[in-house]
Amino acid sequence: MRTLVTGATGFIGSHLVEYLIKKGHKVRVLVRKKEFEKRPFDRIDSIKLINQLNVEICFGDLLDNNSLKKCVKNIDVIFHLAAIARPMAIPRKKYFEINEKGTKNLLEACKRQKNLKKK
17 MRTLVTGATG FIGSHLVEYL IKKGHKVRVL VRKKEFEKRP FDRIDSIKLI
67 NQLNVEICFG DLLDNNSLKK CVKNIDVIFH LAAIARPMAI PRKKYFEINE
117 KGTKNLLEAC KRQKNLKKK
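Count along the sequence shown starting at 1, add 16, and that's the number in the numbering used here.
The set of hints was computed from the structure by calculation and includes no laboratory data.
Mixed in with the good hints, there may be bad ones.
Stated by the list, open to error - Listed below are the simulated DMTMM-like cross-link pairs for lysine to aspartate or glutamate, each with C-alpha atoms no more than 20 Å apart in a straight line:
#1 K117 <-> E72
#2 K85 <-> E72
#3 K39 <-> D92
#4 K42 <-> D92
#5 K127 <-> E116
#6 K110 <-> D77
#7 K50 <-> E113
#8 K38 <-> D92
#9 K38 <-> E72
#10 K110 <-> D80
As the list claims (entries may be wrong) - Distance windows between CB atoms, simulated:
#11 K42 <-> K109: 32 to 42 Å
#12 K38 <-> A101: 20 to 30 Å
#13 K49 <-> K109: 18 to 28 Å
#14 K110 <-> N81: 13 to 23 Å
#15 N70 <-> F112: 13 to 23 Å
#16 K49 <-> N70: 16 to 26 Å
#17 A105 <-> N70: 28 to 38 Å
#18 Y35 <-> K89: 20 to 30 Å
All values reported here derive from a predicted model rather than from experimental measurement.
Just so you know, even glycine gets a beta-carbon here, dropped at the ideal spot from N, CA and C.
Hey, can you work out the whole structure from these sequences and the hints?
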């Protein structure tokens with residue numbers, strides 16, 4: 017099964033990727049390029065894990081429709097874990113832009129893919 021995981025550099029996402037690979041999935045991860053360039057302190061272990069696993073990295077952003085189109089292409093299943101989980105640390109507008117608009121953008125990209133399995 018061809019699987020896309022968003023939020024793969026987070027704690028839960030990185031361990032989900034590891035689990036899916038053990039179960040035989042071909043995994044693609046949506047990653048913002050700056051996650052790999054900046055390597056924020058709380059992401060270092062997750063990024064190391066992602067780099068060690070046999071995954072396809074698709075650089076993109078939930079707010080960039082063109083990158084989402086590329087990332088969902090030829091995918092069967094998507095686990096959408098990307099989100100801002102600590103709203104008090106960022107402006108309210110940014111929180112809703114990422115979590116609400118980003119999810120909507122991903123759903124729109126999925127609508128155009130005929131092979132996604134709906135569960």
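Hint check results:
1. Distance hint between K117 and E72 is unfulfilled; the C-alpha atoms sit about 25 Å from each other, more than 20 Å.
2. With a CA separation close to 15 Å, the supplied pair K85 and E72 stays within the 20 Å bound.
3. About 15 Å separates the Cα atoms of K39 and D92, which keeps this hinted pair within 20 Å; it holds.
4. Of the pairs offered as hints, the one joining K42 and D92 holds, with about 10 Å between alpha carbons and a cut-off of 20 Å not exceeded.
5. As the CA atoms of K127 and E116 are separated by approximately 17 Å, the hinted pair is consistent with the 20 Å bound.
6. Restraint check for K110 and D77: satisfied, since their Cα atoms lie roughly 14 Å apart, inside the 20 Å limit.
7. Restraint check for K50 and E113: the C-alpha separation of about 18 Å stays at or below 20 Å, so the hint holds.
8. Taking the CA atoms of K38 and D92, the gap is about 17 Å. The hint holds against a cut of 20 Å.
9. Distance restraint check for K38 and E72: the Cα-Cα separation of roughly 15 Å lies within the 20 Å cut-off, and the hinted pair is therefore satisfied.
10. Note on K110 and D80: the hinted pairing holds, with a Cα-Cα distance of about 15 Å set against a maximum of 20 Å.
11. Judged by the Cβ atoms, the range 32 to 42 Å given for K42 and K109 holds: they are separated by roughly 37 Å.
12. Take K38 and A101: their Cβ atoms lie about 25 Å apart, and the range 20 to 30 Å holds.
13. In this structure the hint that K49 and K109 lie 18 to 28 Å apart at CB holds, the actual value being about 23 Å.
14. Between K110 and N81 the CB atoms are about 18 Å apart, so this pair conforms to the stated range of 13 to 23 Å.
15. The hinted window of 13 to 23 Å between N70 and F112 is violated, with their beta carbons roughly 35 Å apart.
16. Checked against the hint of 16 to 26 Å, the pair K49 and N70 passes, with Cβ atoms roughly 20 Å apart.
17. Range check, A105 to N70: Cβ separation about 33 Å, and the 28 to 38 Å hint holds.
18. Here the CB-CB span from Y35 to K89 is close to 23 Å, well matched to the stated 20 to 30 Å.
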